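Visitor: Line order of the protein sequences matches chains A and B. Its first residue numbered 0, the first sequence is counted upward by one per residue in numbering that gives the first Met the number 0. Its first residue numbered 0, the second sequence is counted upward by one per residue in numbering that gives the first Met the number 0.
Source of the hints: derived by calculation from the structure; they are not laboratory data. Predicted, not measured: the structure shown is a model, and the values here were computed from it. Virtual Cβ for every residue (Gly too), placed ideally from N, Cα, C. You may find that some hints are simply not true.
Claimed, not checked - Some chain B residues near chain A, calculated using beta-carbon distances under 10 angstroms:
(1) E33
(2) I34
(3) N36
(4) Y55
(5) R69
What the hints assert, rightly or not - Pairs of lysine to any residue, SDA-like flavour, derived with a Cα cap of 25 angstroms:
(6) A:K178 with B:N36
(7) A:K61 with A:H45
(8) A:K123 with A:R171
(9) A:K28 with B:C53
(10) A:K106 with A:I122
(11) A:K165 with B:E68
(12) A:K165 with B:Q19
(13) A:K123 with B:H60
(14) A:K61 with A:R94
(15) A:K48 with B:T76
(16) B:K42 with B:T76
(17) B:K26 with A:I192
(18) A:K48 with B:A75
(19) A:K48 with B:N54
(20) A:K121 with A:A104
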Amino acid sequence: MASTTLISNPVATSSDHRPSRIQRKKKKKQQLQAAKQDHHNHLHSHVTKWKSEAQQHLYSSKLLQALNHVTVEPSTQSSSSTCPPPPPRRGRAVREAADRVLAAAAKGRTRWSRAILTNRLKIKFRQHRKQQSAAVAAASGSGKLKKQKFSVFRLKGKGLPAVQRKVRVLGRLVPGCRKQALPVILEEATDYIAALEMQVRAMSWLTQLLSVSGSTSGAGGSGSWPPPS
Amino acid sequence: MSTRRSRSRQSSGSRISDDQINDLVTKLQQLLPEIRNSRRSDKVSASMVLQETCNYIRNLHREVDDLSERLSELLATTDTAQAAVIRSLLLQ
Chain A
0 MASTTLISNP
10 VATSSDHRPS
20 RIQRKKKKKQ
30 QLQAAKQDHH
40 NHLHSHVTKW
50 KSEAQQHLYS
60 SKLLQALNHV
70 TVEPSTQSSS
80 STCPPPPPRR
90 GRAVREAADR
100 VLAAAAKGRT
110 RWSRAILTNR
120 LKIKFRQHRK
130 QQSAAVAAAS
140 GSGKLKKQKF
150 SVFRLKGKGL
160 PAVQRKVRVL
170 GRLVPGCRKQ
180 ALPVILEEAT
190 DYIAALEMQV
200 RAMSWLTQLL
210 SVSGSTSGAG
220 GSGSWPPPS
Chain B
0 MSTRRSRSRQ
10 SSGSRISDDQ
20 INDLVTKLQQ
30 LLPEIRNSRR
40 SDKVSASMVL
50 QETCNYIRNL
60 HREVDDLSER
70 LSELLATTDT
80 AQAAVIRSLL
90 LQ
C-alpha cells in the first residue's frame, strides 16, 4: 500500500483533488526527505555547472565586457593626465572585476557570491551611506549569529582544536563564511573551489587569446582571424 | 528519528549528524586534485582534507592574481578594437 502511494504520488497531485489526511501526511514526509535529497543533488548539480564549457564561455565574454568598462572609465575620469593608472591598481581592478563577474555568474545562490557582491557595494557607497549599510549588516549578522552559536556548541564530535582551527582558517578564506557553522563552510568551499577553477581556466584562455591576437596585430594587420561570411 | 524530521527543514539546524559532515568532507576530497590522485581514500583524515582545501584555495587565489596582472598588461597594450573582435568571436 505504501509503495503504490509512493509511485502514484505525482499523478495523485494532478488528478486526485481530495487527498486524504493519511496521504497528505505521507506526502509531507516524502517531501521533507526529498528536500534533503534535493539539497545534496542541488549542490552536486551546481558544482558540475562550473565545469561546463558554456559556463566558461559565458564568463569569458562577460569578463571582457566588464574589463572594457574598467579600462575605459579611468581615462574618462582622469581629465588632467592621459596616462593609464599605474599597473598595481590595474591588476587589482582586473581581479576585482573578475571576482564580481564570477559572483554574478553564481546567480546569488551561494553565500560567497552574495558576500562578494555586497562587499563591492559597501565599498562603493561607503562615503555616502556608511551608517545605513553598517546598520543593515549588523542587523543581519546578529540575527544569524544567534542561530549559529547554538549549532557550533553541538558539534562536539569535531571539537578537536586542530580541526576547529583549520575550519576557522577555511572560513576566513571563503568570502562571507567567517562565522558560519562547519557544514555551511564545507558546502560553500565546495562550490567556491569549483567556481575558482572555472575562473582560472577562463582567464588563462582569455590571456592566451589576447596574447596571440596581440602578437599577430603587432606583426601587421588583423588578417589572422577568419572573415565573417 | 523524530528530532531529525522536525529540524531537518533547515539544513544547518542544530542537529547535524556526523554522517552529513563526513559526506561533505568526502565531496570536498573529490575536488582536491592532490588527494584524489596520490593517496588512498582510507588514509585521509578530515584534518588533512581541510588543510589541503585551504592550501588549494590559496593557490587558486594566487593564480587568479597572476592572471589578472597579465591580463591587465595585455589589455593595456592591445587595442580595444581587438577586444571587441574577440568578444564577437566569443558570442557566436
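Visitor: For the pair we were handed, K123 (chain A) and R171 (chain A), check the Cα-Cα distance against 25 angstroms.
Guide: 22 angstroms, holds
Visitor: Taking only the CA atoms, is the gap from K42 (chain B) to T76 (chain B) under or equal to 25 angstroms?
Guide: 50 angstroms, violated
Visitor: Just to be careful, I want the Cα atoms of K178 (chain A) and N36 (chain B) compared with a cutoff of 25 angstroms; is the pair within it?
Guide: 32 angstroms, violated
Visitor: With a cut-off of 25 angstroms on the C-alpha distance, tell me whether K106 (chain A) and I122 (chain A) pass.
Guide: 21 angstroms, holds
Visitor: For the pair we were handed, K28 (chain A) and C53 (chain B), check the Cα-Cα distance against 25 angstroms.
Guide: 38 angstroms, violated
Visitor: Within a Cα-Cα threshold of 25 angstroms, do K61 (chain A) and H45 (chain A) meet the stated pairing?
Guide: 19 angstroms, holds
Visitor: A closest beta-carbon separation below 10 angstroms is what the hint needs, so does I34 (chain B) meet it against chain A?
Guide: 12 angstroms, violated
Visitor: Taking only the CA atoms, is the gap from K48 (chain A) to A75 (chain B) under or equal to 25 angstroms?
Guide: With Cα atoms ~32 angstroms apart, K48 (chain A) and A75 (chain B) exceed 25 angstroms; violated.
Visitor: Compare the distance between the alpha carbons of K48 (chain A) and T76 (chain B) with 25 angstroms, and conclude whether the hinted pair is satisfied.
Guide: Not OK: K48 (chain A) and T76 (chain B) at ~34 angstroms, beyond 25 angstroms, violated.
Visitor: Straight-line Cα separation of K61 (chain A) and R94 (chain A) no greater than 25 angstroms?
Guide: 14 angstroms, holds
Visitor: So if I understand the rule, the pair passes when the alpha-carbon distance is 25 angstroms or less; does K123 (chain A) with H60 (chain B) pass?
Guide: 23 angstroms, holds
Visitor: K121 (chain A) and A104 (chain A) were given as a pair; does the straight-line alpha-carbon distance stay at or below 25 angstroms?
Guide: Holds, at about 20 angstroms.
Violated hints, listed in ascending order, are 1, 2, 3, 6, 9, 11, 15, 16 and 18; each of the other numbered hints is respected by the structure.
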